[in-house]
Amino acid sequence: MPKQILLNFFLALLWMFLTVNYSLTALIIGYLLGLGLLFMMRRFFKERFYLERVWAVIVLFFIFQRELLLSNIQVLMLVLRPRLTIKPAIFALETDLKEDWEITLLSSLITLTPGTLVIDVSHDQKTLYIHALDVSDIDEAIHSIKTTFEKAIIEVSRP
Amino acid sequence: MKTNDVILKTGTKVVSFMIFLFSIHIFFAGHYTPGGGFVGGLLASSAIVLLLLAFDIKTVKKILPVNYITITAAGIIISILTASAAVFFNKSFFTHFFDYFHLPLLGKTSLHTATLFDLGVYLVVVGVTMTIIQTIGEDE
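As you go down the protein sequences, you meet chains U and R in turn.
Here the first sequence stands for residues 1 to 159, where the numbers follow the UniProt record's numbering.
Here the second sequence stands for residues 1 to 140, where the numbers follow the UniProt record's numbering.
Source of the hints: derived by calculation from the structure; they are not laboratory data.
The beta carbon of each residue, even a glycine, is placed where N, CA and C say it ideally should be.
Honestly, I wouldn't trust all of these hints.
Okay, derived cross-link-like pairs now, DSSO-like style, lysine-lysine, Cα gap no bigger than 27 Å in a straight line [what the hints assert, rightly or not]: (1) Lys98/U x Lys126/U; (2) Lys9/R x Lys126/U; (3) Lys87/U x Lys126/U; (4) Lys146/U x Lys58/R; (5) Lys108/R x Lys62/R; (6) Lys3/U x Lys87/U; (7) Lys2/R x Lys13/R; (8) Lys3/U x Lys91/R; (9) Lys61/R x Lys108/R; (10) Lys98/U x Lys146/U; (11) Lys151/U x Lys3/U; (12) Lys91/R x Lys98/U; (13) Lys13/R x Lys151/U; (14) Lys46/U x Lys151/U; (15) Lys146/U x Lys126/U; (16) Lys3/U x Lys98/U; (17) Lys13/R x Lys62/R; (18) Lys9/R x Lys91/R; (19) Lys146/U x Lys9/R; (20) Lys58/R x Lys2/R; (21) Lys61/R x Lys3/U; (22) Lys151/U x Lys126/U; (23) Lys46/U x Lys98/U; (24) Lys108/R x Lys98/U; (25) Lys2/R x Lys62/R; (26) Lys146/U x Lys87/U; (27) Lys2/R x Lys61/R; (28) Lys61/R x Lys126/U; (29) Lys13/R x Lys126/U; (30) Lys9/R x Lys58/R; (31) Lys9/R x Lys151/U; (32) Lys46/U x Lys87/U; (33) Lys13/R x Lys91/R.
For the chain R half of the interface with chain U, some residues (derived, Cβ under 10 Å), not all of them [to be verified]: (34) Ile7; (35) Met18; (36) Leu21; (37) Gly120.
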């Protein structure tokens with residue numbers, strides 16, 4: 001992905017020098033033309049075409065927004081309820097993510113959604129320990145995290 | 001039993017760059033808007049302190065192999081030379097000069113000798129703050 005972006009930027013600069021027009025418009029036109037060329041030659045690279053990964057980042061952002069809204073409403077319901085009938089729990093989540101930044105991103109997303117909070121990462125970085133505000137079914141909570149956030153992050157980091 | 005602080009370290013790798021950049025912006029913004037050498041220096045040293053919190057002293061010494069006492073001395077020398085440069089032009093001590101220059105890429109730019117004085121202040125603040133924190137931190 002970085003190689004493709006660098007090549008695209010280089011093609012944009014080359015377009016600027018070819019047209020002898022050193023302005024921002026020429027750079028943008030060259031960038032878009034280079035994008036088209038890269039799309040044409042996308043099977044030449046080992047990795048995916050990089051716009052797919054940019055799209056995956058946008059999808060992850062909107063998934064996070066949706067989860068944030070839904071879990072905020074859930075916590076609001078818990079707060080406004082006259083009787084506090086919550087079941088707090090700490091559970092372990094086995095994660096398939098490897099890189100440091102992936103673990104950090106997943107932990108940040110889990111922590112930013114109300115109701116769940118990452119309290120520790122194991123030393124081999126395969127397990128996250130999560131505190132949940134209201135868990136009636138732990139397997140269901142693990143499943144929901146795995147199918148939303150982790151799937152989206154894997155989609156971003158897949159080469 | 002040491003905890004695994006992968007989240008803090010990864011966050012530091014990103015955030016420290018942002019703090020350094022903001023410190024440079026504050027340093028150059030000091031002439032017309034709030035900011036200047038003192039605040040910029042404190043911000044730069046706060047970025048180094050964040051590195052010290054996330055990693056340990058040995059690693060930070062490997063990352064930034066500088067002697068902070070030397071930096072303090074360099075800052076004071078720059079400030080004194082800038083202040084005393086006016087004496088050689090038959091002006092009083094601490095008189096600043098400025099002029100407009102046409103630089104490549106930047107166009108018409110106003111260059112002021114007060115920036116050099118501020119650079120000295122910046123270096124002194126970074127040097128003194130880091131010297132204090134490192135000497136406290138190294139005591140076993």
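So, going through the hints one by one against the coordinates:
1. Restraint check: the Cα-Cα separation between lysine 98/U and lysine 126/U comes to about 8 Å, which is no more than 27 Å; the hinted pair holds.
2. For the hint linking lysine 9/R to lysine 126/U, the alpha-carbon distance of about 17 Å falls within 27 Å, and the restraint holds.
3. Taken as a hint, the lysine 87/U and lysine 126/U pair is honoured in the structure, with Cα atoms around 26 Å apart against an allowance of 27 Å.
4. Using a Cα cut-off of 27 Å, the hinted pair lysine 146/U and lysine 58/R is violated, with the two alpha carbons roughly 38 Å apart.
5. With a CA separation close to 40 Å, the supplied pair lysine 108/R and lysine 62/R exceeds the 27 Å bound.
6. At roughly 49 Å between alpha-carbon atoms, lysine 3/U and lysine 87/U are farther apart than 27 Å, so this suggested pair is violated.
7. Taking the CA atoms of lysine 2/R and lysine 13/R, the gap is about 20 Å. The hint holds against a cut of 27 Å.
8. A C-alpha spacing of about 56 Å is found between lysine 3/U and lysine 91/R, which places the hinted pair above 27 Å, so the restraint is violated.
9. Restraint check for lysine 61/R and lysine 108/R: not satisfied, since their Cα atoms lie roughly 40 Å apart, outside the 27 Å limit.
10. Distance hint between lysine 98/U and lysine 146/U is fulfilled; the C-alpha atoms sit about 15 Å from each other, no more than 27 Å.
11. Taking the CA atoms of lysine 151/U and lysine 3/U, the gap is near 25 Å; set against the 27 Å cutoff, the hint holds.
12. For the given pair, lysine 91/R sits about 65 Å from lysine 98/U by alpha-carbon distance, which is inconsistent with the 27 Å threshold.
13. With a C-alpha separation of about 25 Å, the suggested pairing of lysine 13/R with lysine 151/U holds against the 27 Å cut-off.
14. Pair hint lysine 46/U plus lysine 151/U holds up; C-alpha atoms about 22 Å apart against a cutoff of 27 Å.
15. Taking the CA atoms of lysine 146/U and lysine 126/U, the gap is about 14 Å. The hint holds against a cut of 27 Å.
16. Pair hint lysine 3/U plus lysine 98/U holds up; C-alpha atoms about 22 Å apart against a cutoff of 27 Å.
17. For the proposed pair lysine 13/R and lysine 62/R, the alpha carbon gap of about 15 Å is at most 27 Å, so the pair holds.
18. The straight-line distance between the Cα atoms of lysine 9/R and lysine 91/R is roughly 52 Å, outside the 27 Å bound, and the hint therefore fails.
19. Using a Cα cut-off of 27 Å, the hinted pair lysine 146/U and lysine 9/R holds, with the two alpha carbons roughly 24 Å apart.
20. For the proposed pair lysine 58/R and lysine 2/R, the alpha carbon gap of about 18 Å is at most 27 Å, so the pair holds.
21. About 32 Å separates the Cα atoms of lysine 61/R and lysine 3/U, which puts this hinted pair outside 27 Å; it is violated.
22. Between the alpha carbons of lysine 151/U and lysine 126/U the distance comes to roughly 16 Å, so the proposed pair stays at or under 27 Å and holds.
23. Our distance criterion of 27 Å between C-alpha atoms is met by lysine 46/U and lysine 98/U, whose separation comes to about 20 Å.
24. Only pairs whose Cα atoms come within 27 Å are accepted, and lysine 108/R paired with lysine 98/U is rejected, the gap being roughly 51 Å.
25. For the proposed pair lysine 2/R and lysine 62/R, the alpha carbon gap of about 22 Å is at most 27 Å, so the pair holds.
26. Our distance criterion of 27 Å between C-alpha atoms is met by lysine 146/U and lysine 87/U, whose separation comes to about 21 Å.
27. As the CA atoms of lysine 2/R and lysine 61/R are separated by approximately 22 Å, the hinted pair is consistent with the 27 Å bound.
28. Distance restraint check for lysine 61/R and lysine 126/U: the Cα-Cα separation of roughly 31 Å exceeds the 27 Å cut-off, and the hinted pair is therefore not satisfied.
29. Distance hint between lysine 13/R and lysine 126/U is fulfilled; the C-alpha atoms sit about 21 Å from each other, no more than 27 Å.
30. A distance of roughly 15 Å separates the Cα atoms of lysine 9/R and lysine 58/R; the hinted pair therefore holds under the 27 Å criterion.
31. With a C-alpha separation of about 24 Å, the suggested pair lysine 9/R and lysine 151/U falls inside the 27 Å cut-off, and the hint holds.
32. Proposed proximity of lysine 46/U and lysine 87/U is contradicted: the alpha carbons are some 48 Å apart, above 27 Å.
33. With a C-alpha separation of about 48 Å, the suggested pairing of lysine 13/R with lysine 91/R is violated against the 27 Å cut-off.
34. Interface restraint check for isoleucine 7/R: the shortest CB-CB distance to chain U comes to about 5 Å, inside 10 Å, so the restraint holds.
35. Of the supplied interface hints, the one on methionine 18/R is violated, with its beta-carbon coming no nearer than about 15 Å to a beta-carbon of chain U, more than 10 Å.
36. Checking leucine 21/R against chain U: minimum C-beta separation of about 20 Å lies over 10 Å; hint violated.
37. Checking glycine 120/R against chain U: minimum C-beta separation of about 37 Å lies over 10 Å; hint violated.
Figure legend: structure checked against the earlier numbered hints; hints not met, in rising order: 4, 5, 6, 8, 9, 12, 18, 21, 24, 28, 32, 33, 35, 36 and 37.
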